[in-house]
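Please put together the full structure from these sequences, using the hints given.
The primary structure of each chain is shown beneath.
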Amino acid sequence: MVVLMRQLRLGYLPSLGAIVTALVAQSPGLGLAQTGPVETVEIRVERFSFTPSQIRIAAGTTVDLRIRSEDTNHGFRVIGSDIDIVVPKRGRGTATVRFRAERPGEYVFECSKLCGAGHSFMRGTIVVTEGGR
Amino acid sequence: MDFHFNKEDLQDGRLDFHRFVLLFTHSFSDRLRFIGELELEHAFVEGFEKAGELELEQAYLDVLVARSVNVRAGMLLVPVGIINERHEPPVYYGVERPFVDTVIVPSTWFEAGAGVHGEVGRGVRYRAYVMSPLDAARFGAEEGVRGGRQKGANANVGRPAATGRVEWVGHPGLALGGSFWTGRSGFEFRPRFEVPVTLFEVDARYAPTDRIETRAQFAQISIDRAGELNDTLTRQTGVNPNIARSLRGFYLEAGYRVVSGAQAGEVGVFGRYENFDTQRRMPDGYLPLKQFDRDSWTVGAAYWPDPDVAVKIDYTFLRNQSEVVKAANMFNIGLGWWF
Numbered sequence: 001m002v003v004l005m006r007q008l009r010l011g012y013l014p015s016l017g018a019i020v021t022a023l024v025a026q027s028p029g030l031g032l033a034q035t036g037p038v039e040t041v042e043i044r045v046e047r048f049s050f051t052p053s054q055i056r057i058a059a060g061t062t063v064d065l066r067i068r069s070e071d072t073n074h075g076f077r078v079i080g081s082d083i084d085i086v087v088p089k090r091g092r093g094t095a096t097v098r099f100r101a102e103r104p105g106e107y108v109f110e111c112s113k114l115c116g117a118g119h120s121f122m123r124g125t126i127v128v129t130e131g132g133r
Numbered sequence: 001m002d003f004h005f006n007k008e009d010l011q012d013g014r015l016d017f018h019r020f021v022l023l024f025t026h027s028f029s030d031r032l033r034f035i036g037e038l039e040l041e042h043a044f045v046e047g048f049e050k051a052g053e054l055e056l057e058q059a060y061l062d063v064l065v066a067r068s069v070n071v072r073a074g075m076l077l078v079p080v081g082i083i084n085e086r087h088e089p090p091v092y093y094g095v096e097r098p099f100v101d102t103v104i105v106p107s108t109w110f111e112a113g114a115g116v117h118g119e120v121g122r123g124v125r126y127r128a129y130v131m132s133p134l135d136a137a138r139f140g141a142e143e144g145v146r147g148g149r150q151k152g153a154n155a156n157v158g159r160p161a162a163t164g165r166v167e168w169v170g171h172p173g174l175a176l177g178g179s180f181w182t183g184r185s186g187f188e189f190r191p192r193f194e195v196p197v198t199l200f201e202v203d204a205r206y207a208p209t210d211r212i213e214t215r216a217q218f219a220q221i222s223i224d225r226a227g228e229l230n231d232t233l234t235r236q237t238g239v240n241p242n243i244a245r246s247l248r249g250f251y252l253e254a255g256y257r258v259v260s261g262a263q264a265g266e267v268g269v270f271g272r273y274e275n276f277d278t279q280r281r282m283p284d285g286y287l288p289l290k291q292f293d294r295d296s297w298t299v300g301a302a303y304w305p306d307p308d309v310a311v312k313i314d315y316t317f318l319r320n321q322s323e324v325v326k327a328a329n330m331f332n333i334g335l336g337w338w339f
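Protein sequence lines correspond, in order, to chains A and B. Take 1 as the starting number for the first sequence in this note's numbering and just add one per residue. Take 1 as the starting number for the second sequence in this note's numbering and just add one per residue.
Across the chosen pairs, the derived CB separations fall in these ranges:
1) B:VAL258 / A:GLU42: 22 to 32 Å
2) A:THR40 / B:VAL124: 16 to 26 Å
3) B:GLY271 / A:GLY60: 48 to 58 Å
4) A:GLU42 / B:GLU228: 49 to 59 Å
5) A:GLU42 / B:GLY36: 30 to 40 Å
6) A:ALA59 / B:HIS26: 34 to 44 Å
7) B:PHE20 / A:VAL86: 23 to 33 Å
8) A:GLU42 / B:PRO305: 22 to 32 Å
9) A:THR40 / B:GLY261: 13 to 23 Å
10) A:THR40 / B:VAL120: 19 to 29 Å
Partial list, derived from the structure: chain B residues whose beta carbon lies under 10 Å from chain A:
11) ARG33
12) GLU85
13) PRO172
14) ASP210
15) GLN263
16) GLU266
Treat the hints as calculated values from the structure; they're not laboratory data. From a predicted model like this one, the values you see are computed outputs, not experimental measurements. Cβ atoms here follow ideal geometry from the backbone N, Cα and C, with glycine treated the same way.
This is the structure in structure tokens:
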């Protein structure tokens with residue numbers, strides 16, 4: 001069941017040239033209709049890390065980030081965009097964020113929900129490269 | 001929150017609201033953050049820690065510069081071991097923290113300081129801080145360096161300590177870490193003499209599936225000039241503190257979720273073996289107190305009606321090497337939650 005779907009406007013981040021779509025699903029295997037190939041990256045979250053914490057994609061690639069928590073609610077926020085979703089608690093499903101960037105650059109993501117003593121360590125990076133990875 | 005019932009052999013049971021923790025955070029901007037953690041231990045505070053303690057365990061500013069280098073200053077958790085920086089009750093088995101994380105690594109260990117932290121490559125994280133040192137005048141035979149924490153309270157920093165940790169979290173379910181702490185701890189004495197203290201620690205956590213979690217940790221402390229430290233404290237107080245020159249401990253733990261993914265919650269069972277000796281090597285002229293050469297088995301279960309709520313029960317079989325002083329086993333029930 002899709003519980004949240006957001007389509008950001010083209011050019012929301014004009015300096016980075018990013019197109020971002022986000023959705024949160026409570027069961028796996030759901031997504032939006034595609035117009036091109038979509039890659040999937042599984043991210044495991046626990047206090048106090050994202051694994052992997054560095055994701056490399058080629059510019060122009062659409063990627064679904066499927067985020068699953070091993071413990072409490074976490075947040076997933078991409079700094080500089082309006083992606084800021086809740087990752088459900090362990091056993092409560094998977095959050096999926098669709099991400100696409102047209103231009104190379106680094107996009108920092110972080111936990112946006114206070115999750116414990118080491119909350120501030122929870123950061124990661126999406127590295128968008130020119131062509132291949 | 002951490003609410004316990006503890007009963008030692010031959011003693012009456014005790015109810016203790018062990019920890020009540022408030023966390024705060026504020027973002028001044030995407031690059032400048034504040035984190036605070038205020039903890040009330042044992043529910044009630046009065047003079048000289050007779051009942052409880054009100055502790056400012058964290059209060060720092062983070063300046064986020066880049067993935068590889070960020071700057072942090074304020075009241076910081078010492079980055080040593082599994083538990084000290086990751087101590088929310090639902091995330092570890094057992095009502096009480098491991099003994100090794102109490103008498104070898106003195107968690108919760110926090111001091112005022114500053115330093116850098118960051119991440120490089122795929123999941124290699126580090127922190128390196130300078131902090132206020134331990135106070136050797138308050139070391140002891142039973143709990144090692146634990147009494148020497150200054151806790152950022154008008155702390156002496158004549159010779160700051162250095163600490164750091166490197167950990168790898170690049171594979172799902174696996175976390176490997178190593179930490180050190182080194183400092184000079186003799187600042188209370190006149191004439192002053194240095195008491196160099198060094199801690200070395202390695203740890204691992206591995207959860208290959210949703211049901212299985214294993215942990216291991218090893219920590220060792222060296223206290224140089226422990227003989228002079230004992231002599232000095234004996235002269236000052238009339239009591240020999242019998243501080244060792246070497247302390248060591250390790251533990252191995254395995255947990256299994258026998259019920260996983262059920263709507264009514266999850267149930268796990270666990271076992272933990274610990275071996276810890278705060279009198280491992282003594283300075284010349286001092287004999288070890290064998291009751292502090294200890295090992296334990298803790299077995300128990302946890303029920304999580306929600307991932308953020310844990311009901312725990314366990315029994316600890318504690319032994320020591322003394323032929324005179326008998327170690328007391330312990331039965332514990334705990335209720336921990338987080339939101």
